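Sequence lines, in order, name chains A and B. Start counting the first sequence at 37; every next residue gets the next number (my numbering). Start counting the second sequence at 37; every next residue gets the next number (my numbering).
No lab work stands behind these hints, which were simulated from the structure alone. Since this is a predicted model, take the numbers as computed values, not measurements. Any given hint could be a false lead.
[As the list claims (entries may be wrong)] Once the Cα atoms are required to be at most 27 Å apart in a straight line, the calculated BS3-like pairs of lysine-lysine come out as:
1) A:Lys76 x B:Lys76
2) A:Lys208 x B:Lys188
3) A:Lys218 x B:Lys218
4) B:Lys302 x A:Lys208
5) A:Lys208 x B:Lys76
6) A:Lys218 x B:Lys76
7) B:Lys310 x A:Lys208
8) A:Lys208 x A:Lys218
[Unchecked claim] Distance windows between CB atoms, simulated:
9) A:Ala90 x B:Glu260: 23 to 31 Å
10) A:Val62 x B:Phe254: 31 to 39 Å
11) B:Ala69 x A:Gly308: 47 to 55 Å
12) A:Thr232 x B:Asp285: 28 to 36 Å
13) A:Gly295 x B:Glu122: 25 to 33 Å
14) B:Asp64 x A:Ala69: 32 to 40 Å
15) A:Gln107 x B:Ala258: 17 to 25 Å
16) A:Arg312 x B:Glu260: 42 to 50 Å
Ideal Cβ placement from N, Cα and C applies to all residues, glycine included.
Number of protein chains: 2
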Amino acid sequence: MRKDFIALDWGTTSFRAYRVGADGRVQDVVSAAEGILAVKDGAFEAALERHIGAWDVTLPVMAAGMITSRQGWIELPYIPCPASAEDLARALHMHTTASGRRIAFATGLSYRAPNGMPDVMRSEEVQVFGSLDLGINHFVTPGTHSKWITTKGDQLIRYATYVTGEVFAALKDHTILGRLMKPGPDDEEAFAMGVTAALEDPAGFLHRIFSARSLGLFGELAPEAIASYLSGQVIGTEVAHAIRDNPKDAEYAVLASPGIGGRYVKAIEIAGLKVRYGDPQAIVKGLAIIARKTGII
Amino acid sequence: MRKDFIALDWGTTSFRAYRVGADGRVQDVVSAAEGILAVKDGAFEAALERHIGAWDVTLPVMAAGMITSRQGWIELPYIPCPASAEDLARALHMHTTASGRRIAFATGLSYRAPNGMPDVMRSEEVQVFGSLDLGINHFVTPGTHSKWITTKGDQLIRYATYVTGEVFAALKDHTILGRLMKPGPDDEEAFAMGVTAALEDPAGFLHRIFSARSLGLFGELAPEAIASYLSGQVIGTEVAHAIRDNPKDAEYAVLASPGIGGRYVKAIEIAGLKVRYGDPQAIVKGLAIIARKTGII
Chain A
37 MRKDFIALDW GTTSFRAYRV GADGRVQDVV SAAEGILAVK DGAFEAALER
87 HIGAWDVTLP VMAAGMITSR QGWIELPYIP CPASAEDLAR ALHMHTTASG
137 RRIAFATGLS YRAPNGMPDV MRSEEVQVFG SLDLGINHFV TPGTHSKWIT
187 TKGDQLIRYA TYVTGEVFAA LKDHTILGRL MKPGPDDEEA FAMGVTAALE
237 DPAGFLHRIF SARSLGLFGE LAPEAIASYL SGQVIGTEVA HAIRDNPKDA
287 EYAVLASPGI GGRYVKAIEI AGLKVRYGDP QAIVKGLAII ARKTGII
Chain B
37 MRKDFIALDW GTTSFRAYRV GADGRVQDVV SAAEGILAVK DGAFEAALER
87 HIGAWDVTLP VMAAGMITSR QGWIELPYIP CPASAEDLAR ALHMHTTASG
137 RRIAFATGLS YRAPNGMPDV MRSEEVQVFG SLDLGINHFV TPGTHSKWIT
187 TKGDQLIRYA TYVTGEVFAA LKDHTILGRL MKPGPDDEEA FAMGVTAALE
237 DPAGFLHRIF SARSLGLFGE LAPEAIASYL SGQVIGTEVA HAIRDNPKDA
287 EYAVLASPGI GGRYVKAIEI AGLKVRYGDP QAIVKGLAII ARKTGII
């Protein structure tokens, strides 16, 4: 028998809770900028109740994200890849709050690349487990730290983190590259120009980005277009590298809303690959799958 | 007949003046953090006299750097590459200050890469013209925006800017990669590890740098070593790209003091190439060469 539950995606900079019906549909969403770093003195329970206090306390809560990291509510050890939703379900950590809510915390996955470098994630794996019914094996979760994830059967076998969003913001706000920028609407042409430059010279990142200044200096790029151009340079650099070991006919799903997701879809298309949008709320589906495996719902 | 003169290197963030004897030796140096961006309301003459007012007003001044840019004292148009010291000498802009100092301003060089991207520099070309007697053709000027410069005969034929120093600072101070860092002495081993990782996967910059966090999280890199490791990642990325079109037996001169210069020498050595230090004060020699060509000294 399936039941209603609460899906909780509590990350570094944002809190998002979904009240989910027995049919899997999202009935209500609470979204707040109160990420785990904004919660002082470990007052996570108080923060949770502030946001979802109005929701039935008997509904089981399925939680994922940085909330299970060292800076979070309860630190849970990573599970190494390859791993399946089954593995996450087996490692759920059950907790009952003072107000009587039952929370099942799902941990994240670690990965050791062939060159020995470790990688970490918390929550993107749940999005992917919630997206396996797309029938494809390559997933992208854009963001501050985007992840490129590969699956095989029901297992997540490898992934790589790219510091793309954060690097773009740092370049824009804290280097000379932002100086000539003026605010403006997204400029698709400038973005595509940046992506193309990146695809043509993937290793030239530290040199190529200087053109965001020099093109501006020479009046060859409008101040309002520079941010889009630089965004294309950065995302294009990520795409060029992330696709390098995959078959040319691989198909990618971008698990994001059209805003940031649209830039990735566009960049992947410019690289000549097949791409579609996945469900930006796939984490709800993923948490439901894990909850069902354990009889929580 | 040769004469004493004053060499002035006035950049974005720093002011440096050298009193040079007829024998070419530097007799005195004034160095200050008063770069052109720190000079308000165009009060360049007052700033100059504040720093070198004690020096004989009849000595000719040879000036280079961002002082001839749009934000500087007198904006001079770039000369396109290829260009020689002779070309710079012919384009000198003569100016006499209210106090009677005669200043010859040398402009910078622009370059249009084969892919159409423009590049700009002001002052590094003078360092290179002052270093041609090394008898090699490849020069590196490390810094906020480092330049890799190629010469042929007495001409500077091409160059590329890398935003390396500024990107490193932005990553360290404004992204998650700096969070686990603790101050410590330069860690040569961690630096070399970063350079090697970059040389092995030049296009993976946005992914590789995440290891500055993940290695720290897993306790595989000491907090005191993370900054050196990230520096190796960034400089290694620059080196891997900058050398790609040059012959394998090319020899490079690093025009910098041992501090930052040492990191570049090390990284270029790890890449298996020939490298030596050039004169970190080569700009003095370069300005003297230009001054002699015009009879200023």
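- Out of the numbered hints, which ones does the structure contradict? As far as the earlier hints go, 1, 2, 3, 4, 7, 9, 13, 14 are violated by this structure, in ascending order.
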